[in-house]
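J.: Protein chains in written order, with our numbering: chain A, 1 to 79; chain B, 80 to 554; chain C, 555 to 904.
Since the hints were made in silico from the structure, they are not lab data. All residues carry an ideal CB built from backbone N, CA and C; glycine is no exception. Honestly, I wouldn't trust all of these hints.
If you want the footprint, here are the derived chain C segments under chain B, 3+ residues with CB under 8 Å [as the list claims (entries may be wrong)]: (1) 671-685; (2) 709-722; (3) 725-731; (4) 833-841; (5) 856-868.
A few chain C residues that don't get close to chain B, going by computed Cβ distances all over 10 Å [to be verified]: (6) C577; (7) F579; (8) E741; (9) N751; (10) A752; (11) A754; (12) G852; (13) S876; (14) K877; (15) S897.
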Amino acid sequence: MEVKDEKKSPYPVLTQIECKACGRCIISCPKGCLEMSKEINQRGYHYVVYTGTGCTGCANCFYSCPEPNAIEVHIPKKD
Amino acid sequence: MAEKIIGRLSGLYKEFPRKGGTAPTATHYCPGCGHGILHKLIGEAMGDLEIADRTIVISPVGCSVFAYYYFNCGNIQVAHGRAPAVATGISRAEDNAVVISYQGDGDLASIGLNETLQAANRGEKLAVFFVNNTIYGMTGGQMAPTTLIGEKTTTCPTGRDPRFSGYPIHMCELINNLKAPVFIERVAISDIKNIRKARRAVRKALEIQRDGKGYAFVEVLSNCPTNLKQDSQESIDFINNVMTKEFPLGNLRDNSEEAESFKRSVSDFSIDSINGLYDLKNDSSPDAINDPEFGDVQVKVAGFGGQGVLSMGLILARAACKDSRHVSWYPSYGPEQRGGTSNCSVMISGELVGSPVVHSPDVLIAMNRPSLEKFADDVEPGGVIIYDSVASDFKFKQGVKAVAVPARQLAAKGGSERAANTVMLGVLKTLGCTKLSDEVFYQAIADNFAAKPKLIDLNHKILDQAAKWTKENIK
Amino acid sequence: MATQLIKGNHAVIVGALYAGCDCYFGYPITPASEILQEASQLFPKVGRKFVQAESEEAAVNMAYGAASTGHRVLTASSGLGISLKQECISYMAGSQLPCVIVDIMRAGPGLGNIGPEQGDYNQVVKGGGHGNYKCIVLAPNSVQEMCDFTLRAFDLAFEYRGPVYVLADAVLGQMVEPIRFPEKAVEPKIDTSWAVNATAETKENLITSIVLDFQILEDFNYELQEKYALIEKNEVDYEEYKIEDADIVLVSYGISSRICRTTVDQTRKQGIKVGLFRPISLYPFPNDRLKELAGKNGCQFVSVEMSNGQMLEDIKLAIQCSKQVHLVNRLGGNLITMDQIISKIKELAD
């Protein structure tokens, strides 16, 4: 699991093993901050990774992903 | 640090043990398939609206046959196309249930089209999510009712030709011809903009169910990356640029504000209520007594439909019942009783009745000539034929007693020409050929007309007059 | 205790109401329509649910839905309609759903006519739809039994979790006889161990008949066969009339058995020892007792049925073809007559 712990900024949590490499999240990301890895996961698919910057927490990736357990979007609450 | 997390949907299971296999947390759907997205939208709404505990999702036949792997609520899997009928049964039996029917294009618009339209027309409390991807997925890419003109499938390999296969079926528009549906919308699982519109429609359909307001139909244009051989971008383009030309997106109806919640009745299983339906307190006959010495009396009553042939037989059966005899009544039925000849058999016996059908009557009551022609020769030697005197020139076989009765005149004199059957009953009673007591005939008439007390007096009077006539005219 | 004159088709609804049946789903068909009509009149008066479905398939699938929620459900039809319902009845067997189905048989094949016949025997008694399943089948021969067997069918459907038939014919449906009303009414409770009735408690239950894994489906099939073995052990029912010294045994069910009963009395007056064996449960068929009867010297069997020897085959199997089984039948909507049976008896007695 790749977690980008950038304080106060939203970030996606992409579960590598659940990704089937359809790329729908990459298409829907308005900031272009998701990309397909060159590696494959244990089930044999390439998987999407977060480039590390740019996430606005819009959750487009979550809603366009067909897998229930592949993507979460974390949005830190501002105090 | 506190976080808001988008992505943990209580309406879907975290793991899918019903699926089994080596990937217990992944769906069985192909990469990029729209089913998973729609599952998430439904699962999210079920959780947010707090209805999952009382929701039942119906899994259809097709790729989503295994929808029950995923939805964290009640699940029922059904036969191909029958989901809306099953949904009707669930909804009627469990009024509090939120019922979701999730169906593909073959299931909903082909084999199950009747169930689909009829459930919509009844306005069942039901949310239907109709996934239209123009093709049969599970069975290997055959032509669907929604396949586009010119689109190639494994069963229209040169493209759908309307001269042989007709045109794509527009389900939203069909359903929009019906009065009952509360909500009808066509959405698309394509780009994120359309997915978000779909999310709102799904939520609206389920709010209508939460509030028990009636029928909601959401058609979801989706993809089949495998059978249509499209990657995600090609899928999105196909839906947005090609499918929507044939199936325009948008809301066709939203009556959710005006529609009122409705409740169905609560079942009453108490014995008092059921006994009340049959008025058992007031309407009960004595049980039959075994009396072999009584033998049996076989009666045939015949006439044309409308002469009260069947009801006369029933009154006779009631009389026998009141007399503690074993009895059965059996009618001619079906087309015969509509305008043609009509007849019934009444068996009165001191023992259990065998066949209820009278082939060789001891007594024939014939209200018209065709009835004599049909049955007079069947009467047992020594038997009695009571017939309306309009059939005056009929030739009877030897050994039967034939009694001509001016039934209609007597009935008219008594106050109702329609009561000719009661006249015949009076003659039958007075001749004594049924071996029943006089009294039970009066009781039977009273029971028969219990709902119309005026007719009791009238028919009792006619019964008396018929008895008088018989005594004066028949030796 | 109350007795009333009731039509056979209406008596089905009497039985259903006292059995705690909550839902009726049906489609019009002669000669069973009065069941539908009576349900439409009486069910709503006590808050029970009634829907006139758009088709026989829809009616039985509505029953599938309501049965899934654990409620007591009834549907009824005649042979043509039963043919259409078979798909779902197979699903009910596969999903182990209790449901009562009444078949008021008429004459076939095809549209046939509305006269009485017993030609649905095979499609009802042998399973009927696809797959390795059986349904308990009760065959009434009086209006009283139309009521009583419907009531009993509900208990059996829930005890064994499966569809149960009441198999009657047009005569039984249309005739009127006095019945004694039931003295108790069932107040049904939902069995939350398997039903899916829209509650948190039952949401992990699952109603389905799809099993992709060959081994698991085979195991399930064997479980079903164990259930049928239990049914065959516990639920055999029959009636005997003057059978002890009979040289000729008439085997007959439903309306035909009534005609046979009178025939037995008539022929005994002429000194021929005739008896009647009446299967009440057609599945499970009373094999053991028939085999026992076949063991007696000189005893001959006649299958009296309004079908083309459909039951005769089961009699032959039951007695393991140890004797010839003769056939007296009528088809096409005609009732068997006593004369017909008597002439066969005389032929055999000589």
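J.: Work down the list of hints and note, for each, if the structure agrees.
T.: Tested hints:
| no. | hint | verdict |
| --- | --- | --- |
| 1 | 671-685 | violated (count 0) |
| 2 | 709-722 | violated (count 0) |
| 3 | 725-731 | holds (count 5) |
| 4 | 833-841 | violated (count 0) |
| 5 | 856-868 | violated (count 0) |
| 6 | C577 | violated, 5 Å |
| 7 | F579 | violated, 7 Å |
| 8 | E741 | violated, 4 Å |
| 9 | N751 | violated, 5 Å |
| 10 | A752 | violated, 4 Å |
| 11 | A754 | violated, 4 Å |
| 12 | G852 | holds, 26 Å |
| 13 | S876 | holds, 30 Å |
| 14 | K877 | holds, 26 Å |
| 15 | S897 | holds, 15 Å |
Consistency with the previously given hints fails for numbers 1, 2, 4, 5, 6, 7, 8, 9, 10, 11, ordered from lowest to highest.
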